[in-house]
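K.L.:
Note that the protein sequences, when read in sequence, are chains A and B. Everything in the first sequence is counted per our numbering, starting at 5 for the first residue and increasing by one. Everything in the second sequence is counted per our numbering, starting at 118 for the first residue and increasing by one.
Note that these hints are calculated values from the structure, not bench results. You may find that some hints are simply not true.
Unchecked claim - Partner residues aside, some chain B positions facing chain A, computed with beta carbon under 10 Å:
1. PHE206
2. ALA224
3. ARG225
4. ARG286
5. TRP309
6. ILE310
7. ASP312
8. ALA400
9. PRO403
10. ASP405
11. ILE416
12. PHE419
13. ASN421
14. MET424
Glycine included, every Cβ here is placed at the ideal spot set by N, Cα and C.
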Amino acid sequence: MLKVAGGSLAALGLTAAGCGTGSGSGDGTVTIRYSWWGSEDRAKRINQSIALFEKKFPKIKIKTDFQPYADFWKKFNTQASGGNAPDVFQNAIGFLRKYDAKNVLLDLREQAAAGNLRLDGFRAGLEKFGEVDGKLLGVPVGSNSMALVVDQAVFTKAGVTPKPGWTWDEYHAALAKIQETQGRAGDAGPYGIMYLYDLYLRQQGKAFFTTSGLGFTEADLTDWWSKAVTRVKSGVYADPKKTIPVKPKSAVTAELAGCEFTWDNFAVRYTSEGKSQYGLAPIPTTDGRKTGQYLGSLMLSASKRTKHPKEAAQFIDFMVHDPEVGKIMGYDRGVPATTAQNDAYVPSDEVGKQIAAYEKQLVESRVLEPITPHPAGADVCEAAFMRLAEEMSLGERPVADAVKQYFTEAKTALSS
Amino acid sequence: MGAAVTSAPNPAPRPERVTRQDVETAPAGSASGGRPPGAPGRTARPHRARRENLAGYLFMSPWIAGFLLLTAGPMVASLYFAFTDYNLFDAPKWIGLDNFTEMFGDARWRTSVEITGWYVVIGTPLKLAAALGVALLLNQSRRGQGFYRAAFYAPSLIGASVSIAIVWRAIFSDGAAVDRAQQVFGMEAGGWIGDPDRIIYALVALTVWQFGAPMVIFLAGLKQVPRELYEAAQVDGASPWRRFWHITLPMISPVLFFNVLLETIHSFQIFGSAYIIGSQGNACGPADGTLVYTCYLYIQGFENSRMGLASAMAWMLLLAVGLVTAVLFWSQRRWVHYEEGAR
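Modelling step: build the complete structure from the supplied sequences, incorporating the hints.
P.N.:
Here it is in structure tokens:
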């Protein structure tokens, strides 16, 4: 029964004992550790990129390590708390403030000033994405954005064509049509996706997070979830009792729903998972114009306690700018952040082309907004949002109760 | 119950009882014969014993070191953390009983207690009943019983593994084996995995399926019951049910007690299967349907980085399990029968 708590302490002791981060050997060869979250496929591409890097920088060796998303952060958290974070690691906007507050992230400005890390040549102002309070805590490797992934066969047969600027009413009318004619739910259920609710709030001049807390009221959330509950009951949104067991498979590829909100670069995954053709549709709007979208991105950060900040910066620079790496990675980490890598990779597959067109249209139509890094505790808020939305949709909790519980949990998470 | 045992005629006195009496009376007899035979041995003994003790501790030292460093040390530390606010990064901050008051006021914590309670109360008796039932069947000699014993024991070896949990998830999903079996009986309820009220029974089914380990212990216990008790009861015309109730059950009650104790404590600690079967997207879901105590402890500790609160929860669990164990030990006086002299 105490194994869990004891295990954590044992892990602490072990990481403290193995504190020698990276090593310099006699001939000046330096080893740095690099870890990321992702799939086997991403690992293959990254290992190829690293082989290129080691050829170009023979004095630097890269030791790698990867896990799925949730496990990555548990492991990282434990390592970082023992002062043994990897020298370079994958990061995202939701974790910048959290780990900056815990003194884990290296301010990369110094290395940029020393010429080890180039900050020019980024698309769409992405080089600013990793800045928090004047510090450069992460360098974007790619950009992505929320999108509506649709089963194209279902949409065509139902006679539904989403257009940029379509409204939520039009979107729900489309879902109803799919439900009537195609014998499956319209949408997998958007009510638990924090990043989508964020867009919905942005369309009304609010946001999910302020720099220190929640940017919406209990009344806002009650409205959003009350409507959702009705739509789950009527079958416009998929029955959670059916979609939960098929996870991690998507409800769309499991043919339980016609569409689903998610990140645009995930469309690659849908194609390998399902039998149909999958495409990207625009985010519905409130006023016919504003989607509230921004570019999100995966980043690379370095550990504040790294013994080799220069080599870490050189490695990040290579992974972000090198055209060959761009070709190898493709759209795996989103659309490449630098023009050099973006120009180097021309997608040949249908999904890749769609993703490129989708993001190009976003940038050109100027709907994009700036994004502020989430406050510490945002990751816990996201997990609680997803969980309580699920409880609410299953009818396990009345909406009012779920909303109240959410605000209680979010307050605890954001204050600790 | 005990009366049936003691009043039963005992045609073949058990040999070990006789030998024990012999041993006990022998020294008394020889001591009266003048020369005290134990005298020289008694002076040499403490010295040798001390050396043997030393050797014993030396052989135990790897275990003792492991216990102190990996079990006792962390336990003491976690007792301290239980009264602190500790997020792994910043130094622990003493907050007295705040973790405990927060815990008791937390609806999710109460949910986890409730789910764990149900799991223990439903799962343990079912598992033990299955174990005892199959042990009774396997206690009779028939062809291939070695094979059956191995076959029934096998799930206990693999049941705790991750792969079995994944298989379990697949079996209880929509349209899978269990769902289809239900439909044969006209139940259109769907799989159990997506239903927060029924997924706990998938966990119960998994633990009951692993009845092999207590079964083996029951079998050993059943082998110890003297044949002649049954023979005498049969002569008296006792039905199989009465024989079970008045002979078998009292005779194996120490084994039953051992199994109840072991399985109850074990049930409280359920984690792996709940976490794997329940976690897709949300940890220990759906809708906290598999949020057993250790799962919530894990979420607070490792997902929410609240090690102080998690430590407090761990100690609360220790107290609860300790209390249940104490009650079981207290209750055994009423229903556990030890043989005379074996007590």
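K.L.:
Using Cβ atoms only, decide whether ASN421/B comes closer than 10 Å to chain A, and label the hint accordingly.
P.N.:
5 Å, holds
K.L.:
Return the status of the interface hint for PRO403/B: holds when the least beta-carbon distance to chain A is below 10 Å, violated otherwise.
P.N.:
5 Å, holds
K.L.:
Would the stated hint for ASP405/B survive a check requiring a Cβ distance to chain A of less than 10 Å?
P.N.:
Hint holds; ASP405/B Cβ to chain A Cβ min 7 Å, cut 10 Å.
K.L.:
Let me know if the C-beta of ILE416/B comes in closer than 10 Å to any C-beta of chain A, holds or violated.
P.N.:
With a minimum Cβ separation of about 8 Å from chain A (threshold 10 Å), the hint on ILE416/B holds.
K.L.:
Can the hint on ARG225/B be confirmed by a CB-to-CB distance to chain A that is less than 10 Å?
P.N.:
8 Å, holds
K.L.:
Less than 10 Å between beta-carbons is the criterion; does ALA400/B satisfy it with respect to chain A?
P.N.:
7 Å, holds
K.L.:
Does ILE310/B pass the interface check with chain A, least Cβ-Cβ distance below 10 Å?
P.N.:
4 Å, holds
K.L.:
How about ARG286/B: closest beta carbon in chain A under 10 Å, or not?
P.N.:
The hint holds - ARG286/B has a Cβ within 10 Å of chain A, the shortest such distance being about 8 Å.
K.L.:
Do the numbers back the hint for MET424/B, that is, is its least Cβ distance to chain A under 10 Å?
P.N.:
6 Å, holds
K.L.:
Would the hint on PHE206/B be counted as holding, given a Cβ-Cβ threshold of 10 Å to chain A?
P.N.:
Holds - the Cβ of PHE206/B comes within 10 Å of chain A, reaching about 4 Å at its closest.
K.L.:
Under 10 Å is the threshold here; is the Cβ of ALA224/B close enough to any Cβ of chain A for the hint to stand?
P.N.:
Since the shortest Cβ distance to chain A is 7 Å, the answer is holds.
K.L.:
Holds or violated: ASP312/B as interface residue toward chain A, Cβ cutoff 10 Å?
P.N.:
6 Å, holds
Checked against the numbered hints above, the structure breaks none of them.
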